[in-house]
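A.B. asks: Numbered per the numbering used here, the sequence shown spans residues 2 to 303.
Be a bit skeptical, because a hint or two may be false.
[To be verified] When the alpha-carbon atoms are kept at most 35 angstroms apart in a straight line, the in silico DSBU-like pairs for lysine-lysine are as follows:
hint : residue 1 : residue 2
1    : LYS89     : LYS210
2    : LYS38     : LYS129
3    : LYS210    : LYS155
4    : LYS54     : LYS89
5    : LYS3      : LYS89
6    : LYS155    : LYS272
[What the hints assert, rightly or not] Beta-carbon label-pair distances, calculated as ranges:
hint : residue 1 : residue 2 : range
7    : ARG183    : VAL276    : 36 to 44 angstroms
8    : LYS3      : PRO150    : 51 to 59 angstroms
9    : ARG41     : PRO243    : 39 to 47 angstroms
10   : VAL276    : PRO108    : 15 to 23 angstroms
11   : PRO298    : THR5      : 14 to 22 angstroms
12   : ILE181    : SER299    : 31 to 39 angstroms
13   : ASN55     : GLU149    : 44 to 52 angstroms
14   : ALA187    : GLU92     : 47 to 55 angstroms
15   : PRO150    : GLY221    : 36 to 44 angstroms
16   : ARG93     : MET248    : 53 to 61 angstroms
17   : ARG93     : PRO150    : 50 to 58 angstroms
18   : MET248    : ALA29     : 40 to 48 angstroms
Source of the hints: derived by calculation from the structure; they are not laboratory data.
All C-beta atoms in this analysis are idealised placements derived from N, C-alpha and C, irrespective of residue type, glycine included.
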Amino acid sequence: MKYTFHIVDVFSSTPFGGNQLAVLPDAAGISTEGMQKIAREFNFGETTFVLPKNDPANTCRVRIFTPRAELDFAGHPTVGTACALVMKQHERLSDPIRLILEESVGPVTVDVAQRNRGFHGTLTLSGKIEAPTGAPSPTDLAAVLSIEPAEVSKVFFAGVGVPFCFAQLSSNEVVDRAAINRAAWASTLARAWGPHVFFFAGNLRDGGKLYARMWAPALGVEEDPATGSACAALVGAMASEPEFGGMAYRLSIQQGVSMGRRSEIEAEARKSGSVVTSVSVGGATTYIASGEIDVPPSALVS
2 MKYTFHIVDV FSSTPFGGNQ LAVLPDAAGI STEGMQKIAR EFNFGETTFV
52 LPKNDPANTC RVRIFTPRAE LDFAGHPTVG TACALVMKQH ERLSDPIRLI
102 LEESVGPVTV DVAQRNRGFH GTLTLSGKIE APTGAPSPTD LAAVLSIEPA
152 EVSKVFFAGV GVPFCFAQLS SNEVVDRAAI NRAAWASTLA RAWGPHVFFF
202 AGNLRDGGKL YARMWAPALG VEEDPATGSA CAALVGAMAS EPEFGGMAYR
252 LSIQQGVSMG RRSEIEAEAR KSGSVVTSVS VGGATTYIAS GEIDVPPSAL
302 VS
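Using the sequences and the hints given, assemble the complete structure.
C.D. replies: Here it is, written out as structure tokens:
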């Protein structure tokens with residue numbers, strides 16, 4: 002049976018940048034095993050499958066797969082799926098369109114707007130950030146990244162649906178120089194709460210600009226050019242710190258540069274008093290291609 006797919010580059014305003022995403026806009030009838038095999042066939046960081054909604058108040062249901070596993074939530078697939086659905090229905094937008102996507106983590110709101118000639122999507126989540134203790138020491142994390150302990154200034158766990166280990170490094174050069182030590186990762190993070198490593202340099206003040214990379218060996222992702230779920234967790238975790246007392250906290254994150262897929266991500270947390278009430282992540286999405294995939298009966302629901 003033939004299924005339509007779209008390919009978009011997320012968190013990039015130009016083709017061949019950002020994070021690649023395959024979207025199957027009408028995936029009803031494909032089995033879970035079939036979805037996993039299709040995601041492995043595309044071999045992008047993620048592939049999404051759009052299904053009929055369970056709640057009439059929502060737009061559709063979305064399942065997200067890496068080449069190795071299904072995710073409860075991920076940022077660039079959520080933004081990219083919403084933009085892809087809008088792009089195929091509208092050449093231009095006079096007003097923003099709001100979509101509510103049903104994901105395993107719960108309903109996720111995405112606002113899609115026209116910016117110049119491109120489409121820009123912003124997802125918004127509740128401010129519930131998981132941030133357990135027990136993160137590795139700077140020395141242990143330095144071993145994972147093949148850098149010196151003195152080049153690691155901050156290590157912590159945080160997540161919104163996907164658990165990450167965050168590490169602030171001393172400079173962009175150190176971020177680029179880092180190389181994963183799989184033996185150290187296996188002994189330090191493989192079974193930890195946050196096995197996926199998001200490491201960055203830059204200023205964490207409100208309005209700060211960060212330069213980042215992300216590895217997720219446990220998900221079959223060697224390196225990710227743009228990680229919206231990590232940016233959502235990072236901005237929410239930092240906004241919860243007592244030193245940031247304003248009603249909003251924003252970060253601009255550049256990722257994927259060393260891979261040749263520059264990504265630009267905008268992240269914001271909103272607060273009521275000391276409580277983070279919402280986090281949002283946004284950026285441009287660029288259309289690349291459409292086609293059909295022939296799905297065999299063995300990958301369909303029997």
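A.B. asks: Compare the structure with each hint and give your call.
C.D. replies: Verification of the supplied hints:
1. The hinted pair formed by LYS89 and LYS210 meets the criterion: a straight-line CA distance of about 33 angstroms does not exceed 35 angstroms.
2. For the suggested pair LYS38 and LYS129, the alpha carbons sit about 32 angstroms apart, so the restraint of at most 35 angstroms is met.
3. Between LYS210 and LYS155, the direct Cα distance comes to roughly 16 angstroms. Compliance with the 35 angstroms bound is thereby established for this hinted pair.
4. Between LYS54 and LYS89 the CA atoms are separated by roughly 19 angstroms; this keeps the pair inside 35 angstroms, and the hint holds.
5. Of the supplied pair hints, the one linking LYS3 and LYS89 holds, its CA atoms being roughly 18 angstroms apart against a limit of 35 angstroms.
6. With a C-alpha separation of about 23 angstroms, the suggested pairing of LYS155 with LYS272 holds against the 35 angstroms cut-off.
7. Taking 36 to 44 angstroms as the suggested C-beta distance range, the pair ARG183 and VAL276 conforms, at roughly 39 angstroms.
8. A hinted range of 51 to 59 angstroms for the beta carbons of LYS3 and PRO150 is consistent with their spacing of about 54 angstroms.
9. The given range of 39 to 47 angstroms is respected by ARG41 and PRO243, whose C-beta atoms sit roughly 44 angstroms from each other.
10. For VAL276 and PRO108, the hinted distance range of 15 to 23 angstroms is satisfied, since their beta carbons lie about 21 angstroms from each other.
11. Taking the beta carbon of each, PRO298 and THR5 are about 18 angstroms apart, inside 14 to 22 angstroms as hinted.
12. The hinted window of 31 to 39 angstroms between ILE181 and SER299 holds, with their beta carbons roughly 35 angstroms apart.
13. Evaluation of the 44 to 52 angstroms hint for ASN55 and GLU149 yields a pass: the beta carbon distance comes to about 50 angstroms.
14. Evaluation of the 47 to 55 angstroms hint for ALA187 and GLU92 yields a pass: the beta carbon distance comes to about 49 angstroms.
15. Judged by the Cβ atoms, the range 36 to 44 angstroms given for PRO150 and GLY221 is violated: they are separated by roughly 29 angstroms.
16. Between ARG93 and MET248 the beta carbons are some 34 angstroms apart, a value that contradicts the proposed interval 53 to 61 angstroms.
17. ARG93 and PRO150 have their C-beta atoms about 52 angstroms apart, which keeps the hinted 50 to 58 angstroms range intact.
18. For MET248 and ALA29, the Cβ-Cβ distance of about 42 angstroms falls inside the hinted range of 40 to 48 angstroms, so the restraint holds.
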